[in-house]
Amino acid sequence: MPVITLQQERFIKFVKRQLTVEDMTKWLPWLGFDIEEIGSDYVKVEFNPNRVDFCSYAGVARAFRGLMGWESGLPRYKVKGGKTVLKIDKNVTKIRSYMLAAVVRNIKLDEESIVDLMEIQEDLHWGIGRNRKKASIGVHNMDVIEPPFTFTAAEPDKARFVPLDRTDEMSLREILEKHDKGVAFRHLVDWAPRYPLLIDKNGQVLSMPPIINGELTRITSKTTNLFLDVTGTDYLAVEKSLNILATALADMGGRIEKVHVKYPNRTVDSPDLMPQKMKLRINYANELLGLKLSESQVVESLRKCRLDVKTLRNGIVEVAIPAYRIDVLHEVDLVEEVAIGYGYYRLKPTIPETLTIGEQHPAQRTANVVRQIMTGLDFTEVMNFTLINEVFHYEKMRLKARKTIKLANPVSAEYTILRESLLPGLMKNLMENKHESFPQRLFEVSDVGRINQRVETRCERRLHVAGVSSHSTASFTEIKSTIEALLHNMGLKRWEIKPTTHSSFIEGREAAVYLKHKEIGVLGEIHPEVLNNFELENPTCAFEIDIEEIS
Amino acid sequence: MVYLREHEQKTLFALQRLKGRARVAQIIETSGLAHAAVMRAALTLVESKLVTLHEQRQTIVTLTQEGKLYAEKGLPERGTLEMTYRRGGEIPISDIPHEVDISPGAIPVALAWLTRKHWATINREKGTIAVAQEEKPPLGDDERLLRILAKKGSAIVQEFDKSLQRAAITLKRRKLARMREKTLQEMELTDTGWQVVKKGLRFVSEISQLTPELIVSGKWREVKLRKFDVTVAGPETYPAKVHPLQQAIQRAREIFLEMGFTEIRGPLVETAFWNFDALFQPQDHPAREMMDTFYLLNPKAGGLPKKSVVEAVAKTHENGWITGSKGWGYKWSPEEAKRLVMRTHTTAETIKYLSEHKKPPIKVFSVDRVYRNEQVTYKNTAEFHQIEGIVVGKGVTLRDLMGTLKTFYARFGLKKVKFWPCYFPYTEPSAEATVYVPKLKRWIELCGMGMFRPEVLAPMRIKYPVLAWGGGLERLAMLELGLDDIRLLYGNRLSWIRRTPICQ
Chain A
3 MPVITLQQER FIKFVKRQLT VEDMTKWLPW LGFDIEEIGS DYVKVEFNPN RVDFCSYAGV
63 ARAFRGLMGW ESGLPRYKVK GGKTVLKIDK NVTKIRSYML AAVVRNIKLD EESIVDLMEI
123 QEDLHWGIGR NRKKASIGVH NMDVIEPPFT FTAAEPDKAR FVPLDRTDEM SLREILEKHD
183 KGVAFRHLVD WAPRYPLLID KNGQVLSMPP IINGELTRIT SKTTNLFLDV TGTDYLAVEK
243 SLNILATALA DMGGRIEKVH VKYPNRTVDS PDLMPQKMKL RINYANELLG LKLSESQVVE
303 SLRKCRLDVK TLRNGIVEVA IPAYRIDVLH EVDLVEEVAI GYGYYRLKPT IPETLTIGEQ
363 HPAQRTANVV RQIMTGLDFT EVMNFTLINE VFHYEKMRLK ARKTIKLANP VSAEYTILRE
423 SLLPGLMKNL MENKHESFPQ RLFEVSDVGR INQRVETRCE RRLHVAGVSS HSTASFTEIK
483 STIEALLHNM GLKRWEIKPT THSSFIEGRE AAVYLKHKEI GVLGEIHPEV LNNFELENPT
543 CAFEIDIEEI S
Chain B
3 MVYLREHEQK TLFALQRLKG RARVAQIIET SGLAHAAVMR AALTLVESKL VTLHEQRQTI
63 VTLTQEGKLY AEKGLPERGT LEMTYRRGGE IPISDIPHEV DISPGAIPVA LAWLTRKHWA
123 TINREKGTIA VAQEEKPPLG DDERLLRILA KKGSAIVQEF DKSLQRAAIT LKRRKLARMR
183 EKTLQEMELT DTGWQVVKKG LRFVSEISQL TPELIVSGKW REVKLRKFDV TVAGPETYPA
243 KVHPLQQAIQ RAREIFLEMG FTEIRGPLVE TAFWNFDALF QPQDHPAREM MDTFYLLNPK
303 AGGLPKKSVV EAVAKTHENG WITGSKGWGY KWSPEEAKRL VMRTHTTAET IKYLSEHKKP
363 PIKVFSVDRV YRNEQVTYKN TAEFHQIEGI VVGKGVTLRD LMGTLKTFYA RFGLKKVKFW
423 PCYFPYTEPS AEATVYVPKL KRWIELCGMG MFRPEVLAPM RIKYPVLAWG GGLERLAMLE
483 LGLDDIRLLY GNRLSWIRRT PICQ
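Chains as they are written, first to last, in the numbering used here: chain A, 3 to 553; chain B, 3 to 506.
Hints may be right or wrong, so weigh each one.
As the list claims (entries may be wrong) - Below, computed lysine-lysine pairings styled on DSS-like, alpha-carbon distance capped at 27 Å: (1) K443/B - K28/A; (2) K82/A - K203/A; (3) K333/B - K135/A; (4) K420/B - K408/B; (5) K80/A - K110/A; (6) K418/B - K408/B; (7) K441/B - K28/A; (8) K402/A - K302/B; (9) K281/A - K418/B; (10) K350/A - K443/B; (11) K405/A - K302/B; (12) K482/A - K443/B; (13) K302/B - K408/A; (14) K417/B - K443/B; (15) K135/A - K340/B.
Derived from the structure by calculation, the hints contain no laboratory data.
The whole structure should be built from the sequences, with the hints applied where relevant.
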């Protein structure tokens, strides 16, 4: 989840009011922020990925001013007419389909705001750009370049420029091979015969989007005019990224100026900060929230969220949503805005009038019966993870590894497969308790997995119960008595116990359990090699049965 | 009638055999009783005036390392004196180190004792020592004692004559011996005690264990059952029990059932379709990785539900379909939806259930396992239990959701709840709840909630509002059990399970 650290002093400048850290800590959560850390002069907050516009001080401040009632309705951003032209060559649209741009004039930058700018770009790359694939941003010093600009596809070995953080010219191919940003993002362009290049009127290179800017247009605290470019494979992502960046810069004091973006078959004036319009039914909002707000109350709440509202006809309003919002997809999103503007703290909980009769799932009921019986037989319950690894599940149990449900991206070597059996876990429990007093009788009633190609998920979940008894005189007889008591008390009839072979058990002391002629489990005395593998010193008897069908 | 317990009898008889007076150690040996038994007997026997207890102080003396050395070589002043006699009765002090086998540090000591013992005199001007007596002085008490102790190892000072006793103190001061105090206890039969023992007064024995034989034969009437000290703690014993985490699960289940919810249960492995797509989580968005997911290597992919449902979901993602939403605006891939994952939330099972049961009112729940691709730390595990509750009803509202949740957590003893704006890709409006935990004296985040988005409901043809909330169970369990490390819950240490009470 993305975070932003709000220094009190700087936040005050944006919010244009005096604020204490307590004020910030108190009110930010009502906008949906999670307080991560409170310092003496800062608050670090986490924001949700649907509000990427909170990635800048400006973004947080405009929402804050709205909630506090210091400013309401749509923030207005003037986009001045400009003469800057950006031409998009046909050959580059196959590699990087879209580009939009904007000019920002008269911006005062200091060290803090440059850091801000970098963080905004990073958050946008993560939140919208999908790691630069869908959208990627470049910010340039406008004063060292001359429009019109051209976005074209250039030859990897011929085109050269000095990339950021270097002193010598490199070819485009060399940048992909040697520059760290080139190496990190080359997969976005290196499949193409030519690479994207952004140049100005005189052939000077601004950047190779989405890889790296040139040193030429580097931003410093002396820069006063900016050229913003956003390229990507998704038009909406490109547009929103530019909107969020441009509006943040406008709130930082800059003046936005249009760029005419000339695609092969159309021209787009960018940025387009026109608000999105969506209808909201007052009744719908009240229905979902459980309130009886009047239209003016709804309007007031929406305006607190920096939305503009126009009455259409009885009970329906048209809401104008600022260009930096990416999260308003449906009328229901406006209902949440009403709740936020109204104040979640004002919503009094109610109990719905629904009459329903509850019911347990049969598997859980069965599991609880098993718990009752097993604890009655002096077995203590353990709870293990369902994820385990092949060494414990097969090797240590003297079993041949089978093709089983396996993870593609395990978090550690300890948990790589989904267990097919509970016994390895129980053996592990005995191993970890070998210094405790004996006898040790443990059981687990829980799920295992099994591959089954006939179900939608190709894996099925099965309820098993397994038990182990470990002490100096543990024997087959004991576990046979146990399992017979279990089956009998579960109300089962017609079960049989017959000899079988199972490598985890001692030869001649292993048996299978059949219910209505179907094998449902095994029991036996654990083989000494297995006991050695688990570092156990006492004989141990064990059983495991599948009770999925029984339940 | 004198009532004596078994150990008291044995003690008395032992004393008799030892002629009426003996040390405790001797009584232990003769009677075969343990020390504690004899001491217990002593208390009651003294009270009944059958025995008197004498305490004797003993001082044990042993040699120190240096003492042992001088026991072997002789005291430094003796060695020096011998040498002086051999050299005619007078030697220069400076010659001592060369002629006498003593360390240089011992020389001043030797000189001091020579003077003290009147064995020799020191002439400072001439720098010599000269013997004071014509005849060599005999072995002093201290030297005798050194030899005795070297031979015997230790001795009891009180057993010495006065001169040896004084010598012991001297040796101690010279740090050649050390002394240790010991208290000896002796028991002596009184006259009454002798009578009891000699006359063999009839006594009734007390026993501790009632046996079947005594019960059946009627002999229980002839014996006295010993009184027990009922205040002494019994040996620790543990019931076999349900795992403490399972107790918490059962508690949560009970509360749901009491509130009229029906339990559902779905597979642990899910298709991405139900885990993500049906819940309007786009296939290509950080929200999908907000929860880090375990994907399966084998099997890799599963199937999809019926075509109409799949198409509806696909269109909703792409352009909102008939929901009135803008959708996510990307090309939806069925291949991506078929991928298999360890389910990251039980909401996948919920939406599957609701797609097949649509008529309200519906209240379903589950307390079941989910998986997140996270390192195991003190507060996270890769698998844990999620509590999930769903209410479907005509006209249910966000406030109803808050109320239901409040009721649920109140049953856990968490009565103060606050609701905050939040975000989930499949609910709108959403909220998260923090509860006040009296034990910790602070507010902690406990669960998320919301109303399913139209983009989730429409493809499943669910026509009524759906309230949903979910949170981790382990968190609640840890609050109840007073734990701050989640790994304890799954460590299955018997020392913890055995000692954790079933009721908190």
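Holds or violated: K281/A to K418/B, with C-alpha atoms at most 27 Å apart:
The given pair, whose Cα atoms are some 37 Å apart, is violated under the 27 Å limit.
Between K82/A and K203/A, is the straight-line Cα distance small enough, at 27 Å or below?
22 Å, holds
Would you check the hint for K417/B and K443/B, treating anything up to 27 Å between C-alpha atoms as holding?
Cα-Cα ~13 Å, so holds.
With a cut-off of 27 Å on the C-alpha distance, tell me whether K350/A and K443/B pass.
24 Å, holds
Below or equal to 27 Å on CA atoms is what counts here, so check K135/A against K340/B.
With a Cα-Cα distance of about 24 Å, the restraint between K135/A and K340/B holds, given a limit of 27 Å.
With the threshold set at 27 Å, check whether the alpha-carbon distance from K402/A to K302/B stays at or below it.
22 Å, holds
For the pair we were handed, K482/A and K443/B, check the Cα-Cα distance against 27 Å.
Given that 27 Å is the threshold and the Cα spacing comes to 51 Å, the pair is violated.
Please verify whether K420/B and K408/B have alpha carbons no more than 27 Å apart.
The hint holds at about 9 Å.
Check whether the Cα positions of K80/A and K110/A lie no farther apart than 27 Å.
18 Å, holds
Next pair to validate is K302/B with K408/A; report whether the Cα-Cα distance is within 27 Å.
It holds: about 9 Å lies between the C-alpha atoms, which stays within 27 Å.
Against the 27 Å threshold, does the CA-CA distance of K405/A and K302/B hold or violate the hint?
13 Å, holds
Take the C-alpha atoms of K441/B and K28/A, compute the straight-line distance between them, and say whether it is at most 27 Å.
24 Å, holds
Figure legend: structure checked against the earlier numbered hints; hints not met, in rising order: 9, 12.
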